[in-house]
Amino acid sequence: MIITKQKELNKILEQLKGKSKVFVVGCAACATKCATGGEEQVKAMAEELAKNQKTITGTIVLDTPCDMRIVKKDLLNNDKARQAESLVLLACGAGVQSIAQVCTDIYLVPVLDTLFLGSIERLGNFNQYCSLCGDCIIDETGGLCPVTRCAKALVNGPCGGAIGGKCEVNSDQDCVWILIYEKLNKNTAHIKKYRKIKSNTSITKPQRIKSR
Amino acid sequence: MTFKEALKSKKFIITAELFPPKGTNIQPLLEKARLLRGKIDGFNVTDNQRAVMRLGSLAICRLLQEQGCDPILQMTCRDRNRIALESDLLSASVLGIENILVLSGDHPTQGDHKEAKPVYDLDPVQLLKTARTLETGVDLVGKKLDGSPQFCLGAVVNPLADPLDLQLAMMEKKIEAGAEFFQTQPIFDSKLLETFVAKTKEFNAKILIGVFLLKSAQVAIFMKEKLGINISSHYIDRLQQATSPLDEGITIAGELISQMKPHVDGVHIMALGMEEHIPGILNKVK
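Residue numbers (our numbering), protein chains in the order written: chain A, 1 to 212; chain B, 1 to 286.
Isolated chain A, as found in the complex:
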């Protein structure tokens, strides 16, 4: 799930300067799970903006704002949205940009910071275990990703700086290489053998997939 957090209100109001009629859009998927863009947060945002002299023309929580088909069906021709001068978007970067691709003639104010692809431990506790690098090696590392979970993204083994099993960079984090070592039944033969040169996936991984 995509983890997001809301920006400060003053920053949002700054972006809305000069716009009086506003329509608020939420997300029923990840942002609802994160409690950053669900029904409740959309309502709270509308109330907060109303307190700050904005006219709320309406609100909607889209099923999945990252799906342009949904945006076309439920938002593009929404009358109340069309009455507004600005859409306030409580969605992740993918959601916001899907909306931007479809709704080309209206001013957009995204109000969430998109943090990472996260695993939920419990509500409010999210962990980044995968960084979507596009060159997955967790089949070799006991299902644990050093690219994401090692502070230095070391792919061939640990730096040796861990103290009491914790990362030298962040003492709240376990050293993922020690976890991998334990997952591999403390057998170092595999780690010794394992060789990997990272590809610079931010450039080489597909930015776009087309089935035809």
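Calculated directly from the structure, the hints in this document are not laboratory data. Computed from a predicted structure; not experimentally measured.
Below, simulated DSS-like cross-link-like pairs (lysine-lysine); rule was C-alpha separation at most 27 Å, straight line:
id: 1; chain 1: A; residue 1: 19; chain 2: A; residue 2: 80
id: 2; chain 1: A; residue 1: 166; chain 2: B; residue 2: 191
id: 3; chain 1: B; residue 1: 117; chain 2: A; residue 2: 11
id: 4; chain 1: A; residue 1: 192; chain 2: B; residue 2: 199
id: 5; chain 1: B; residue 1: 201; chain 2: A; residue 2: 192
id: 6; chain 1: B; residue 1: 199; chain 2: B; residue 2: 11
id: 7; chain 1: B; residue 1: 206; chain 2: A; residue 2: 192
id: 8; chain 1: A; residue 1: 166; chain 2: B; residue 2: 117
id: 9; chain 1: B; residue 1: 114; chain 2: A; residue 2: 5
id: 10; chain 1: A; residue 1: 5; chain 2: B; residue 2: 117
id: 11; chain 1: B; residue 1: 114; chain 2: A; residue 2: 11
id: 12; chain 1: B; residue 1: 114; chain 2: A; residue 2: 7
id: 13; chain 1: A; residue 1: 193; chain 2: B; residue 2: 206
id: 14; chain 1: A; residue 1: 166; chain 2: B; residue 2: 224
Stretch-level coverage of chain B by chain A, calculated; a stretch enters the list once three of its residues show a Cβ under 8 Å from a Cβ in chain A:
id: 15; segment: 113–123
id: 16; segment: 154–162
id: 17; segment: 165–173
Beta carbons: idealized from backbone N, C-alpha and C, even for Gly.
Add chain B to chain A, keeping to what the hints say.
Frame of chain A, contents of chain B only:
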């Protein structure tokens, strides 16, 4: 005898770490180097250590060499991608720098430019391998070089790391990738040293054990509590009771080297900016 020749000989090897200045005033560093010339085998020049921005290691290495000091260029994986690392390896070679110590490098969040982008495009194993690849006359993508370098490569190992097995596996991996020598974290614990020496006896690389100049009991307590380095309370007591803790620290460092000397290939002295006291330490070595 050059550092590389010393590595190949039976000589007890002594290297020390020098920090480039934050700024362009290089005179104090060159003074310290002059004091140590002829007394140690290698001058290990740090690469923005602790992720604190400083003058570059390569420039200092060249200046040291011009003064008759054999430099060891530290290269971290933190700040440069593979293009820059390969290019700097070639640059080092044409400047006559052949000793390279490869490290991952402290993370930017531990330094003074906390918002800097951590690069880590290659890791230490890959960087060693990269240097060896350049020696064969091609670069990392297989393109032919017009003139190829020769290096003497080193890496680091932490004998204090737990599990030690994992560190030993990394050491073997680094040796296979091209490391000819290692330097370690400071060791104050003779039991631990004994275990480490026994377990690495068969490894085909020279190991220089870290020796740290403790200037005060506070430093020792910090290293023990925050860095997990086992420093016996005996040493801490001595530093606390000494009228000059620095002098006591010099004596302790000398004692450590004397104890290690019969068992190890050499030592790497970390004096943390107080390199002018290294001759004093060496005078205490029996």
